[in-house]
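**Q** Letter by letter, the chains look like this.
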Amino acid sequence: MELVLSLGIGILAGSGVWLLLRPRTFQVIIGLALLSYAVNLFIFSTGGLRTGAAAILQAGEAGTLARYADPLPQALVLTAIVIGFATTALLLVVLLATRGLTRTDHVDGREREP
Amino acid sequence: MTGWMDHLIIAPVILPMLAGIAMILVRDRWRGATVLLGLASTVGLVVLAIMLMVLADGPVVRVYRLGDWPALFGIVLVLDRLSALMLLLTSLLGLAAFVFSLARWHRAGPHFHPLFQFQLMGLNGVFLTGDLFNLFVFFEVMLAASYGLALHGSGTARVRAGLHYIVVNLVASLLFLIGVSVIYGIGGTLNMADLANRMRDVAVEDRALLEAGAALLGVAFLIKAAMWPLGFWLPATYAAASAPAAAILSILSKVGIYAVLRVWLLLFGGDTGASAGFGGTWLTIGGLLTIAFGTLAVLATQNLSRFAGASLMISSGTLLAAIGTGQVAVTAGALFYLAGSVLAIGSFFLLIEIVERGREVGADVLAVTREAFGTGEEEEPDEPDEVGIAIPGTVAILGLAFMICALLLAGLPPLSGFLAKFAILAPLLRPSAAGVPAMTWVLMAALILSGLATLIAAVRAGIELFWASPTGRIPRISLLEIVPIGVLLLLCAALTAGAGPVMGYMQATADALYAPQGYLAGVLAAPPAIPPAIPGGR
Numbered sequence: 001m002e003l004v005l006s007l008g009i010g011i012l013a014g015s016g017v018w019l020l021l022r023p024r025t026f027q028v029i030i031g032l033a034l035l036s037y038a039v040n041l042f043i044f045s046t047g048g049l050r051t052g053a054a055a056i057l058q059a060g061e062a063g064t065l066a067r068y069a070d071p072l073p074q075a076l077v078l079t080a081i082v083i084g085f086a087t088t089a090l091l092l093v094v095l096l097a098t099r100g101l102t103r104t105d106h107v108d109g110r111e112r113e114p
Numbered sequence: 001m002t003g004w005m006d007h008l009i010i011a012p013v014i015l016p017m018l019a020g021i022a023m024i025l026v027r028d029r030w031r032g033a034t035v036l037l038g039l040a041s042t043v044g045l046v047v048l049a050i051m052l053m054v055l056a057d058g059p060v061v062r063v064y065r066l067g068d069w070p071a072l073f074g075i076v077l078v079l080d081r082l083s084a085l086m087l088l089l090t091s092l093l094g095l096a097a098f099v100f101s102l103a104r105w106h107r108a109g110p111h112f113h114p115l116f117q118f119q120l121m122g123l124n125g126v127f128l129t130g131d132l133f134n135l136f137v138f139f140e141v142m143l144a145a146s147y148g149l150a151l152h153g154s155g156t157a158r159v160r161a162g163l164h165y166i167v168v169n170l171v172a173s174l175l176f177l178i179g180v181s182v183i184y185g186i187g188g189t190l191n192m193a194d195l196a197n198r199m200r201d202v203a204v205e206d207r208a209l210l211e212a213g214a215a216l217l218g219v220a221f222l223i224k225a226a227m228w229p230l231g232f233w234l235p236a237t238y239a240a241a242s243a244p245a246a247a248i249l250s251i252l253s254k255v256g257i258y259a260v261l262r263v264w265l266l267l268f269g270g271d272t273g274a275s276a277g278f279g280g281t282w283l284t285i286g287g288l289l290t291i292a293f294g295t296l297a298v299l300a301t302q303n304l305s306r307f308a309g310a311s312l313m314i315s316s317g318t319l320l321a322a323i324g325t326g327q328v329a330v331t332a333g334a335l336f337y338l339a340g341s342v343l344a345i346g347s348f349f350l351l352i353e354i355v356e357r358g359r360e361v362g363a364d365v366l367a368v369t370r371e372a373f374g375t376g377e378e379e380e381p382d383e384p385d386e387v388g389i390a391i392p393g394t395v396a397i398l399g400l401a402f403m404i405c406a407l408l409l410a411g412l413p414p415l416s417g418f419l420a421k422f423a424i425l426a427p428l429l430r431p432s433a434a435g436v437p438a439m440t441w442v443l444m445a446a447l448i449l450s451g452l453a454t455l456i457a458a459v460r461a462g463i464e465l466f467w468a469s470p471t472g473r474i475p476r477i478s479l480l481e482i483v484p485i486g487v488l489l490l491l492c493a494a495l496t497a498g499a500g501p502v503m504g505y506m507q508a509t510a511d512a513l514y515a516p517q518g519y520l521a522g523v524l525a526a527p528p529a530i531p532p533a534i535p536g537g538r
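Quick note, the sequences are listed as chains P and L, same order.
Take the first sequence: its letters are residues 1 to 114, numbered as in my numbering.
Take the second sequence: its letters are residues 1 to 538, numbered as in my numbering.
One should not assume that every hint holds.
[As the list claims (entries may be wrong)] In silico contact screen, one side only, chain L against chain P (beta carbon under 7 Å); selected entries:
hint: 1; residue: F133
hint: 2; residue: Y147
hint: 3; residue: G153
hint: 4; residue: V159
hint: 5; residue: G162
hint: 6; residue: L163
hint: 7; residue: V168
hint: 8; residue: L177
hint: 9; residue: I178
hint: 10; residue: S181
hint: 11; residue: Y184
hint: 12; residue: N197
hint: 13; residue: D201
hint: 14; residue: V202
It is worth saying that the hints were derived from the structure and are not from the lab.
Every value quoted in this text rests on a predicted model; they were computed, and no experiment measured them.
Glycine residues also receive a C-beta, built at the ideal position from the N, C-alpha and C atoms.
Modelling step: build the complete structure from the supplied sequences, incorporating the hints.
**A** This is the structure in structure tokens:
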């Protein structure tokens, strides 16, 4: 379980960083999206991984983290997803505006002369 | 916690939020109403900030528990001297930039007013919150508004610079999230005060991971503060942004400094166990490199906006280097420097927009070419339809304002810039048994050399603009534009005149930052607003 999750986060983050460093805006935005998936999974995993644990407290038992998953990272990841989604959407608009204004989709380079 | 005075702490977040929402609802149909709302909100924020500053100037830390949850479960807003200082600086700069924008800039694009209010809301929230994840949320509110403001007025240069700015900040936000979650995974809490208490009990094998998390968090903050290898986005973005937006954005770099001060000193300052002082050397070295880069940029630039951006980097570097020394008295001097530089750079960003208005695009580059090749050409005296009145002696006023800005930025006597640099250096040079360490001499040289470079660049630009202006056209300015600049510069003068009491406040702030027992006790022992009727009834 841990291995699969770590590998998943690692692959997502690695591809994200690689795409982020590419010259064209579309690659950058996909890279950012992949990176944010990796980060969200990472936050989720800080609550501890457990299979088959109860989501909420059982009746008549004291709350202890040994019996159920820590709910706080789940709340954090939800907030992070919403904020990341909104800012990525904003970036997408700016990306389209840049494409329209500069007639190129390079981040800061220029098209090779034909 | 029942009187209305207790709710004052959350008012700096609520007021601009409500004003911004109301502005979106009235849209641009009644521009007058929008402007009035904005004016009421920004003036109200100044009044609120002054009241909160009076409230905060005492040993007791004020705590506002959202939803009346205890600090460990809910989010708390905390008001101490540092928060109150930052709130006041933000509100003053906000008011100045807002009034300046009324002359013309607020018509340059849609939704300027709501974005401006949300920007203020985000900034105030960052300065007030006592919770690490809530800090992230307010960072995002602030940044989302700043993306809009940076793009205000549109145009290719703004959109291009804005794209870089947004991408860099999105990556910084991701780093912030990783840092926060690592810290939560080990510390088990997000409340900054609780975290500081738990620092001493972190197991040895977890300590390296915790420090790595804190370092990631630090990188996110230092990207905002534009520390050297992380700050290449700053000059381009701020030079491209419209003047009022650039003025309000200039305090965003101080947000990074604030976050470093707050989080670093809580988690790694004083007696916080084995990790105490973690990263201090890095802050100093990074700060020195930032000063060096800013100094070269100031000398190299031919564009006034980039000059302002470069001096902003110098001020960030100075602050980081001073904070990194980890001494109480030096930090007090740095806080004094922070107050002065926020006001000075804010007014400088507003001023250069007026000064550059009279000149054609690319005039700066042309001026240098002209010196080399001597191709003076006549300008046709076309008058654009600008609002405002021509003040007699406009150039004299602008020149005086420019000179004051240059003195403030370069740190020459008699203004506050000099006093601030003196306040930073004097405690470092205090004779001790071990002598003065080499780092102090480097810091001193960096401060003096950066001041010299700023002065050279400012004199060069000033001669070009006010003495040997090749166009000779007097820019038309309205009172709405020159008054905010004048007020900001007067405030700097007041800082100089009232340096004694101000320095006393800064000293008390620095003392509280290095000995946060009052902060910790205040946050963790905050009493509930409504005493529970049945004990344990929740």
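**Q** Each hint should be assessed against the structure and marked as holding or not.
**A** Comparing the hints with the structure gives:
no. : hint : in the structure
1   : F133 : holds (6 Å)
2   : Y147 : holds (6 Å)
3   : G153 : violated (13 Å)
4   : V159 : holds (5 Å)
5   : G162 : holds (6 Å)
6   : L163 : holds (5 Å)
7   : V168 : violated (11 Å)
8   : L177 : holds (5 Å)
9   : I178 : holds (6 Å)
10  : S181 : holds (4 Å)
11  : Y184 : holds (6 Å)
12  : N197 : violated (18 Å)
13  : D201 : violated (17 Å)
14  : V202 : violated (15 Å)
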